[in-house]
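Generate the whole structure from the sequences, applying the supplied hints.
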Amino acid sequence: MKNLYKLDHIYKTYKNYDTDYHALEDVSLELSEGEIIVVLGPSGSGKSTMLNLLSGIDSPSKGHILFEDIRVDQMKATELTEYRANNLGFIFQSYNLIPSLTVKENIELGKELSTAPLSVKDLIQQVGLESHASKYPYQLSGGQMQRVAIARALVKNPKVLFCDEPTGALDEETGKKVLELLQDMNDKYHTTMIIVTHNPSIADMAHTVIRMNSGKIVEIKHNKTIKKASELRWA
Amino acid sequence: MKLLLLNAIKGLRKKKIQMAGIIFMVMLSMAVYVGMNSAIDRLETRYYSYLEEQNVEDLSIGVAVDYSKDVSLSDLDYFLEHQFQNVTEEEHALLEQYRLYLENPVYDVKMLYTIQSLFEKYEADIDLKTRILDSLKEEYQFVYEFERSKTVSDDKKLIKFLPYEENNQINQLYLVEGAFPKGENEIAILSGYAKKNHLKIGDTYTVLGENYTIVGFAYAPDYIYPLISFSMPIFDETNNNIAIVSETAYQKVVGVKDNSIALDYQFPTNRKFEITVSVGTEETENNSPFADDPVMRILDEDKVVMDINTITRLGRISALQMEFASNRLFAECFLYLLLTISVLIIVIITKKRIDDERLQIGVLKSLGYNRFSIAASYLVYPIVGSLVGGILGYIIGIIAHYPIANVLLSFYTVPLENYQLDLSYLSKAIFTPMISLSLLSYLIALFMLRKKPLALLKEGSNLKVNLFSRIVNKINSLFPFHYRFKYSLAFRSLGKLLIVTITSFCTGLLIVLVLIGSNLFNHMIEESFAGIDYRYLVMLGQFDYKDANEYEEADYVLSVSVPLKEIKDKNGNIKPIEKEDEEIQFALTGLDTTAQYVRILDKEEHNLIDRLDDDEAIIVNENAKELYNLEVGDQLHFVYETIDMTYTVVGFSSEFMGRSGYINREAMSTDLGLGNNAYTTIYSNQEKYESYKNLDAEEATKIAYILNMNDMRENIEKQMDRFNGSIYIVIAFASIMVLVIISVIANIVVEENKKTISLLKVMGYKNRKISSMVLNIYTPFIIVAYLLSIPAMIGILKAIVNAIVGDIEITIPITISPIMAGIGLVGLLVAYYIAIGLSKRVLNKVPLAVALKRE
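Heads up: the sequence lines are chains H and W, in that order. If you number the first sequence the way the numbering used here does, the last residue is 235 and the count never jumps. If you number the second sequence the way the numbering used here does, the last residue is 855 and the count never jumps.
Hints should not be assumed to be uniformly reliable.
Derived DSSO-like pairs (lysine-lysine); straight-line CA-CA distance at most 30 Å [as the list claims (entries may be wrong)]:
| hint | chain 1 | residue 1 | chain 2 | residue 2 |
| --- | --- | --- | --- | --- |
| 1 | H | LYS15 | W | LYS754 |
| 2 | W | LYS754 | H | LYS159 |
| 3 | W | LYS474 | H | LYS135 |
| 4 | W | LYS845 | H | LYS111 |
| 5 | H | LYS76 | W | LYS769 |
| 6 | W | LYS755 | H | LYS135 |
| 7 | W | LYS766 | H | LYS121 |
Residues on chain H that point at chain W, a partial pick, calculated with CB under 10 Å [said to hold, decoys possible]:
| hint | residue |
| --- | --- |
| 8 | SER55 |
| 9 | GLU82 |
| 10 | ASN86 |
| 11 | SER100 |
| 12 | LEU101 |
| 13 | GLU108 |
| 14 | LEU109 |
| 15 | LYS111 |
Calculated directly from the structure, the hints in this document are not laboratory data. Quantities reported herein were computed from a predicted structural model and do not represent experimental measurements. Ideal placement from N, C-alpha and C gives every residue a C-beta, glycine not left out.
Structure, rendered in structure tokens:
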């Protein structure tokens, strides 16, 4: 499988008055295309920092980040914007839907960025929201909102989908459904999915699991068997 | 409560732009209010005391001597011995003819008019008028004085000469600095004129070759608005002057004489110079229009007339009162407009804060805090805004009142009261905004805090989309996504939309007002001077006689006001006339068909003057046509004194003021019993009318005044340049207001939509695109609001004009040219885009990480 990302001795340090806080220390890894990758770790382990660096939202203090052999850490602001627009999709714990837009319009927000977007109508169907297309976010449940967010992220057919605690605000049943959807999308579109979570049970559905602690990678595991999302045992 | 307050104060520091906007608007409204009112206070206080101290007249009148009845043979003998000692042979013969008339009266209009002129020339009319006034003064309780002046034009300067009379009681001259003139070569002038012309006390001042030494600066209290001549209707400090000289010097001055009679009533008058007119009803015994006005009542006397001086002098003395009223009104309206906008902004800020803090509020309420104490913590914004803005506005207003007062004084000659600190303005500057802003934001906060704690704590409780937005979004769905996004955001917050729309509408009204004013003046200048080929309009004080002469550069015109008695159609049927009981005065003008300068234009701009070849023809104006439903062929029957005159309508001139008609001069003069070539006005290009010095004595004495049309046009255009300059100042001012308000709104928009902006950045939208989608959402509303302000202001002005001009038949064009309207809109939009541009910097600083924050 082709490598999508390569991180080479990455450090990220934040200055806090007189002390330095090392969010990431000497992180090196390679991520393959088309996989579901789960980044696992407790609060403060550096997983969100790594997501920020991979997506170009933040830049490393030291080290290189390559995306398809292009140095992300050396991109200018406008190049980073294009990088995100052309290649990445995002799903957030708090959904981040636009309250004044309907379901359909929220998905179109993602479509506007792409030169070859997927069909909005098809996506609405795939996420199971046909009867809710003209509803507003305040009229939806948490799970429904997250499905809209997934559709919005996928409509521009990104190479990578970053998911920051996608089930953090959902109950078990709803959370599993969302993960099922992500799995289906991965099967269908071969979108690389990087899921950041503190829920260890999600690791079982991943192709690669990266465990982090105190800013360091403590383990990288490639699962031999991939469980279906519906079979996961919730922690 | 303490914690809530501390939290609110901390929040202030984060909302610098919004607070700055509130402070700016409060400061601006208070600065204008305090500045205007302080300036007017100084003027107004002094104005009324000035009127009392200088014993300014209550009324100016004319006295109509009836030379067919009011002069006896013994009077004539007296005058022959005293006034008429140096008459010419011709004049002596006329006086003898008059004696015969007095012995055996046979009405002779021409002779009587000529006698009147002769009496006035040798000032024999003064005694007759004195006699009439003395017979009335007991009954009406007044004292009177004859006012004299002479108007002189010297190159571009117009000077009103007044004689210094130490003992005069009415309209006493006011010494500003130095001394009044005593010697023949001494003079006192206006201080403003002296300043503009770099003159000081002790300098030599030359008028028409005569040298005077300036001994002082003085004002004439009956020239508070110094209208020197109708040639320069708008006071020009540089070129218009009032010159006070000794009696000896005054006698030597050659200029246009102006005599009037000033009355001073012996009972208190309110000095408001208003005319109370009561319309006579069947129930009242007295149908006089002046019955209720003790000042004007004397005009009911047959011998007392309201002449041009009555209106002119009244205007000169009282014009400043309109400034007081209008400027105070402007300051008041401006204050409340800006306060209204400030209130709306405060409400939005309060609402946003409550939205942002709903979880904390929910927790506080569930802990037992009541909404009254929570709402009180939100008073920090309006209190700080009004305190800081009010104090700053007061200080700026006090400083600004000096130049404001000076600007007003550049048009008026009245002393200025010394400045006295008025702390009532300070308390108003602080407490008016504080109370209005605080009260409303407190009520809004109370309303918003009415929700139960659970409802506030519920996630997404702030995400609801209101019904109006949903309806609009349905309509929006017709548009491409980019516009749908923008306008869904715009309609989601109706409060901000309302502020932007109201601001644009109100500033649009202001801009349109000055643009219409400019258009009106330009139009009036064009209309007034269109087709004017003559340079001088010479108005005589009496009838004179001359045939038309095609070789002379002059038209001779006869003008008389004559009552209309009856109208008949071409079949001889009588047409109804409104106001049957009143005498309807028609301004009749006699013209020669060979006239070079005066034209009678119809609506299609054809010159109809050839139709006056017919001695019985009359061309009436469009206004009269409308009023009486006239058609060609109708007959108008006039009665002047005992003379019947009937003319047939042959056409209509495109004039919309009053009731006027044009008749062949020879026919009109004959019909009036004035011979066949009487005239009262000359329209001419002859250079001799440039100055009185060029005229022979006899001609000069016949002239009442000379209007120099070029000077008049230059005077008006010069003031128009100032006015046009001020248009751009007003547009700039309005644009600055829009800039400030939009900047505040845009700042609030960025803050409110931080998460959305961050999300769009994370998704890969460029900053420019985000700015277009989130900030630049009000353009169509601004355009629509501005466009709506155009018919609104036109409607308001038309209503005001109708209320003011009322019965006066005058059409005032209230229009705005598309180009000027476009300039106004461009001004507004430039301000809007600058505000958006400034807010882009704030937008660009929104970090991407905001989208990643977990709630």
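How the hints compare with the structure:
Distance restraint check for LYS15/H and LYS754/W: the Cα-Cα separation of roughly 25 Å lies within the 30 Å cut-off, and the hinted pair is therefore satisfied. Between LYS754/W and LYS159/H the CA atoms are separated by roughly 27 Å; this keeps the pair inside 30 Å, and the hint holds. Proximity of LYS474/W to LYS135/H is assessed by CA-CA distance (about 12 Å); at most 30 Å being required, the pair is judged to hold. Restraint check for LYS845/W and LYS111/H: the C-alpha separation of about 25 Å stays at or below 30 Å, so the hint holds.
Restraint check for LYS76/H and LYS769/W: satisfied, since their Cα atoms lie roughly 18 Å apart, inside the 30 Å limit. Using a Cα cut-off of 30 Å, the hinted pair LYS755/W and LYS135/H holds, with the two alpha carbons roughly 21 Å apart. With a C-alpha separation of about 26 Å, the suggested pair LYS766/W and LYS121/H falls inside the 30 Å cut-off, and the hint holds. Interface restraint check: SER55/H against chain W, minimum CB-CB distance 7 Å, threshold 10 Å, status holds.
Nearest Cβ of chain W to the Cβ of GLU82/H: about 7 Å, under the 10 Å cut. The hint holds. Contact between ASN86/H and chain W, as hinted, is supported at the beta carbon level, the nearest pair being about 7 Å apart and thus within 10 Å. Given hint, SER100/H at the interface with chain W, holds; its Cβ is 4 Å from that chain's nearest Cβ, closer than 10 Å. Of the supplied interface hints, the one on LEU101/H holds, with its beta-carbon coming within about 6 Å of a beta-carbon of chain W, less than 10 Å.
With 10 Å as the threshold, the beta carbon of GLU108/H comes within range of chain W, its nearest partner Cβ sitting at about 5 Å, so the hint holds. The interface hint given for LEU109/H holds, since its Cβ lies 7 Å from the closest Cβ of chain W, which is under the 10 Å cut-off. Checking LYS111/H against chain W: minimum C-beta separation of about 8 Å stays under 10 Å; hint holds.
Taken one by one, the earlier hints all hold for this structure without exception.
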